[in-house]
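Chains A and B supply the protein sequences, listed in that same order. Here the first sequence stands for residues 1 to 397, where the numbers follow the working numbering. Here the second sequence stands for residues 398 to 608, where the numbers follow the working numbering.
FYI, nobody ran anything at the bench for these hints, they're computed from the structure. There's no promise every hint is true.
Claimed, not checked - Lysine-lysine pairs mimicking PhoX-like chemistry, simulated, CA-CA at most 25 Å apart:
#1 B:543 / B:477
#2 A:387 / B:425
#3 A:387 / B:529
#4 A:387 / B:418
#5 B:442 / A:387
#6 B:425 / B:454
What the hints assert, rightly or not - Here are some chain B residues pointing at chain A (derived, C-beta under 10 Å):
#7 460
#8 464
#9 503
As the list claims (entries may be wrong) - Examples of chain B residues toward chain A, derived with CB under 10 Å:
#10 407
#11 411
#12 418
#13 435
#14 467
#15 578
#16 581
Cβ coordinates follow ideal geometry from the N, Cα and C atoms, glycine included.
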Amino acid sequence: MLDKRVYLDNAAATRLDEQVLEAMKPYFFDTYAVSTSEFAYTQGIEAREALDEARGKLAGFLHADPEELIFTSGSTESSNIALKGVALALGEKKGKHIIVSKIEDFPVLHSARALEKQGFQITYLDVDGEGFINIDRLRDSISDETILVSIQHANQEIGTIQDITSIGHICREKGVLFHTDATHTFTRVPLDVKKIPVDLITISAHTIHGPKGIGGLYIRKGTEIAKWMDGGFQEFDLRGGLENMPGAVGFAKAAELVTPAENKRLQAIRDRAIDRILAEIPDTTLNGHRRERLPQNVNISFHFVEGESITLHLDMHGFAVSTGSACFSRSLQGSHVIYGIGGDHERAHGSIRITLGRYNTMEEVDAVVQTLAEVVRELRSISPLGKEDNNKWEDTR
Amino acid sequence: MKFPYSETVLEHFRHPRNVGKIEDADGKAIEGSPACGDMVSVYIKVEPKTNTISDIKFESYGCASNIATGSIITELAKGKTLDEAKKITWREASDALGGLPKIKAHCSVLAIEGLRSAIQNYEERHGLVKEKTATAVETVRKRLKKVMNPITGLDLVRTNLVKDIELQDGNVRVVVDLPSNHQFAPAIREEIEEKIEPLWDVKEVVVEFTE
Numbered sequence: 001m002l003d004k005r006v007y008l009d010n011a012a013a014t015r016l017d018e019q020v021l022e023a024m025k026p027y028f029f030d031t032y033a034v035s036t037s038e039f040a041y042t043q044g045i046e047a048r049e050a051l052d053e054a055r056g057k058l059a060g061f062l063h064a065d066p067e068e069l070i071f072t073s074g075s076t077e078s079s080n081i082a083l084k085g086v087a088l089a090l091g092e093k094k095g096k097h098i099i100v101s102k103i104e105d106f107p108v109l110h111s112a113r114a115l116e117k118q119g120f121q122i123t124y125l126d127v128d129g130e131g132f133i134n135i136d137r138l139r140d141s142i143s144d145e146t147i148l149v150s151i152q153h154a155n156q157e158i159g160t161i162q163d164i165t166s167i168g169h170i171c172r173e174k175g176v177l178f179h180t181d182a183t184h185t186f187t188r189v190p191l192d193v194k195k196i197p198v199d200l201i202t203i204s205a206h207t208i209h210g211p212k213g214i215g216g217l218y219i220r221k222g223t224e225i226a227k228w229m230d231g232g233f234q235e236f237d238l239r240g241g242l243e244n245m246p247g248a249v250g251f252a253k254a255a256e257l258v259t260p261a262e263n264k265r266l267q268a269i270r271d272r273a274i275d276r277i278l279a280e281i282p283d284t285t286l287n288g289h290r291r292e293r294l295p296q297n298v299n300i301s302f303h304f305v306e307g308e309s310i311t312l313h314l315d316m317h318g319f320a321v322s323t324g325s326a327c328f329s330r331s332l333q334g335s336h337v338i339y340g341i342g343g344d345h346e347r348a349h350g351s352i353r354i355t356l357g358r359y360n361t362m363e364e365v366d367a368v369v370q371t372l373a374e375v376v377r378e379l380r381s382i383s384p385l386g387k388e389d390n391n392k393w394e395d396t397r
Numbered sequence: 398m399k400f401p402y403s404e405t406v407l408e409h410f411r412h413p414r415n416v417g418k419i420e421d422a423d424g425k426a427i428e429g430s431p432a433c434g435d436m437v438s439v440y441i442k443v444e445p446k447t448n449t450i451s452d453i454k455f456e457s458y459g460c461a462s463n464i465a466t467g468s469i470i471t472e473l474a475k476g477k478t479l480d481e482a483k484k485i486t487w488r489e490a491s492d493a494l495g496g497l498p499k500i501k502a503h504c505s506v507l508a509i510e511g512l513r514s515a516i517q518n519y520e521e522r523h524g525l526v527k528e529k530t531a532t533a534v535e536t537v538r539k540r541l542k543k544v545m546n547p548i549t550g551l552d553l554v555r556t557n558l559v560k561d562i563e564l565q566d567g568n569v570r571v572v573v574d575l576p577s578n579h580q581f582a583p584a585i586r587e588e589i590e591e592k593i594e595p596l597w598d599v600k601e602v603v604v605e606f607t608e
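Construct the complete structure from the given sequences, taking the supplied hints into account.
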């Protein structure tokens with residue numbers, strides 16, 4: 001057992017980097033004024049300059065222009081603005097059809113469902129066994145009524161990275177707007193809006209050791225989108241509300257601190273975890289694609305055992321991980337992502353997600369693999385599944 | 398550690414008692430399925446002269462409350478007569494565990510049902526089979542008392558969530574007083590279907606929500 005707690009749920013939230021906090025501090029104590037026009041007072045102008053600088057840096061990571069990025073309260077709000085803002089702008093004018101994938105994260109999925117209740121028609125695209133949408137089916141689903149396609153860059157649970165270049169080209173060709181939720185890829189997987197025809201991108205600081213409560217939405221110049229959060233004229237009159245100055249500065253700093261070397265290191269830890277678990281623990285299935293995968297994501301189903309039992313045992317050993325089991329969720333429903341890739345209840349219930357961050361080490365991952373092996377062995381010994389008369393899994397493989 | 402589980406629950410979860418199979422069991426039952434998320438099997442040995450449970454073992458595919466409840470009911474039932482063991486309630490098991498979170502009631506009630514079914518299995522195998530009676534609205538209602546309302550930890554009937562039950566030619570329609578987009582609506586629907594469908598003369602179960 002390790003002498004400290006090991007946090008392996010970095011897709012949910014991350015530890016703040018000290019350098020981010022240092023960058024944010026002046027905007028709590030010195031430059032705490034509202035960002036004003038350049039004709040106001042000194043503190044306000046300083047705030048405006050800092051906001052512009054943060055915006056410029058973040059837009060730069062996407063190869064976008066600064067005025068194409070608005071700050072929001074996080075990825076949930078960004079995706080809400082993308083879907084509902086486009087619906088509001090084009091619903092009456094062009095059509096009421098929106099396409100999303102079945103395995104989108106809740107901000108996109110539930111925004112789509114909310115629009116469905118208001119009379120929009122939503123196509124929920126199936127994904128294959130590894131989580132990829134079918135490009136031809138997407139093309140066939142687009143009609144004259146279609147106003148928006150929203151397909152995530154990478155999946156929050158199984159880490160599968162979609163071919164957003166192809167998706168973007170199809171949308172462009174058909175004259176349909178394309179939004180991608182890049183909450184888990186921003187700075188981890190390259191995304192260049194000069195090369196990829198994407199119109200809207202959701203990003204967030206909470207996944208990259210930045211503060212919670214700050215995110216962004218890239219909106220390509222000329223994109224028709226209605227203001228949804230009414231208030232003042234902030235954020236190019238697209239989102240009312242006092243700017244979160246410390247958040248914006250912290251977000252930009254957090255993005256700067258992610259390096260290609262760090263992503264490479266996380267990927268090496270990821271690969272080691274996947275290779276060891278699949279080799280050392282029998283009856284395991286990798287969820288998602290082996291290579292087209294977030295560098296920080298591991299998701300594996302342990303058959304014949306239930307995920308909440310695994311996470312509870314792991315927690316008692318000091319490890320924090322997540323599961324797609326119904327018992328773990330607030331809705332008592334198993335992971336819609338595992339069902340989406342064709343997994344049954346058992347595969348969802350036994351799925352464990354390990355997501356890596358800056359502060360994780362190879363030693364920690366070796367330790368969690370060893371503990372997992374013990375915990376799974378123990379739980380299997382008390383499980384009625386996977387034994388001689390109940391070998392469902394043996395038959396299907 | 399900060400969990401809504403009592404020390405006793407965690408203790409039984411870590412070190413479950415009476416785990417395993419009894420190869421020459423006198424009565425056995427499997428409740429639940431991998432589909433519903435939890436599964437418990439219960440095996441009993443019965444001392445025929447006194448009709449007492451002389452040995453009992455369980456296996457669990459489930460979450461912590463499922464494992465802990467399986468463990469505690471083996472302790473509660475051992476040495477009891479079949480009639481006494483049949484009357485062990487979820488509340489008694491929960492009390493013996495120092496309380497279970499309400500939202501976990503549906504995972505833990507399975508173990509109680511497993512025990513009752515294992516006893517029933519013993520009784521059926523020993524010439525105590527009751528005649529098959531046709532399903533009535535009351536039969537359905539009785540079964541719905543085993544479906545937990547995750548909001549309160551009490552069953553659907555007791556919490557007045559069952560608005561209507563209709564029965565016609567083996568088709569059962571249950572109306573639940575919740576909006577269909579309620580957080581727990583899909584879970585409740587699944588659980589109702591799972592409880593009513595096994596009734597021998599039921600062909601189809603339709604669960605509807607009020608909004």
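Quick rundown of the hints versus the structure:
1. For a cut-off of 25 Å, the pair hint linking residue 543 of chain B to residue 477 of chain B stands: about 23 Å separates their Cα positions.
2. For the hint linking residue 387 of chain A to residue 425 of chain B, the alpha-carbon distance of about 16 Å falls within 25 Å, and the restraint holds.
3. This hinted pair does not check out: residue 387 of chain A and residue 529 of chain B have alpha carbons roughly 33 Å apart, beyond 25 Å.
4. Distance restraint check for residue 387 of chain A and residue 418 of chain B: the Cα-Cα separation of roughly 11 Å lies within the 25 Å cut-off, and the hinted pair is therefore satisfied.
5. Taking the CA atoms of residue 442 of chain B and residue 387 of chain A, the gap is about 21 Å. The hint holds against a cut of 25 Å.
6. At roughly 10 Å between alpha-carbon atoms, residue 425 of chain B and residue 454 of chain B fall within 25 Å of each other, so this suggested pair holds.
7. Given the 10 Å rule on beta carbons, the hint for residue 460 of chain B holds: about 4 Å separates it from the nearest Cβ of chain A.
8. Evaluation of the residue 464 of chain B hint against chain A yields a held restraint, the C-beta minimum of about 6 Å falling below 10 Å.
9. The beta carbon of residue 503 of chain B is positioned within 10 Å of a beta carbon in chain A (closest approach about 8 Å), and the interface hint is therefore held.
10. The criterion of a C-beta within 10 Å of any C-beta in chain A is met by residue 407 of chain B, whose closest approach is roughly 8 Å, and the hint holds.
11. Annotation: interface hint on residue 411 of chain B holds; nearest CB of chain A at approximately 7 Å, less than 10 Å.
12. Annotation: interface hint on residue 418 of chain B holds; nearest CB of chain A at approximately 8 Å, less than 10 Å.
13. Taking 10 Å as the C-beta contact cut-off toward chain A, the hint placing residue 435 of chain B at the interface holds, the least distance being around 7 Å.
14. A least Cβ separation of about 8 Å between residue 467 of chain B and chain A falls short of the 10 Å threshold, and the interface hint therefore holds.
15. Checking residue 578 of chain B against chain A: minimum C-beta separation of about 8 Å stays under 10 Å; hint holds.
16. Given the 10 Å rule on beta carbons, the hint for residue 581 of chain B holds: about 6 Å separates it from the nearest Cβ of chain A.
In this structure, the one hint that does not hold is number 3.
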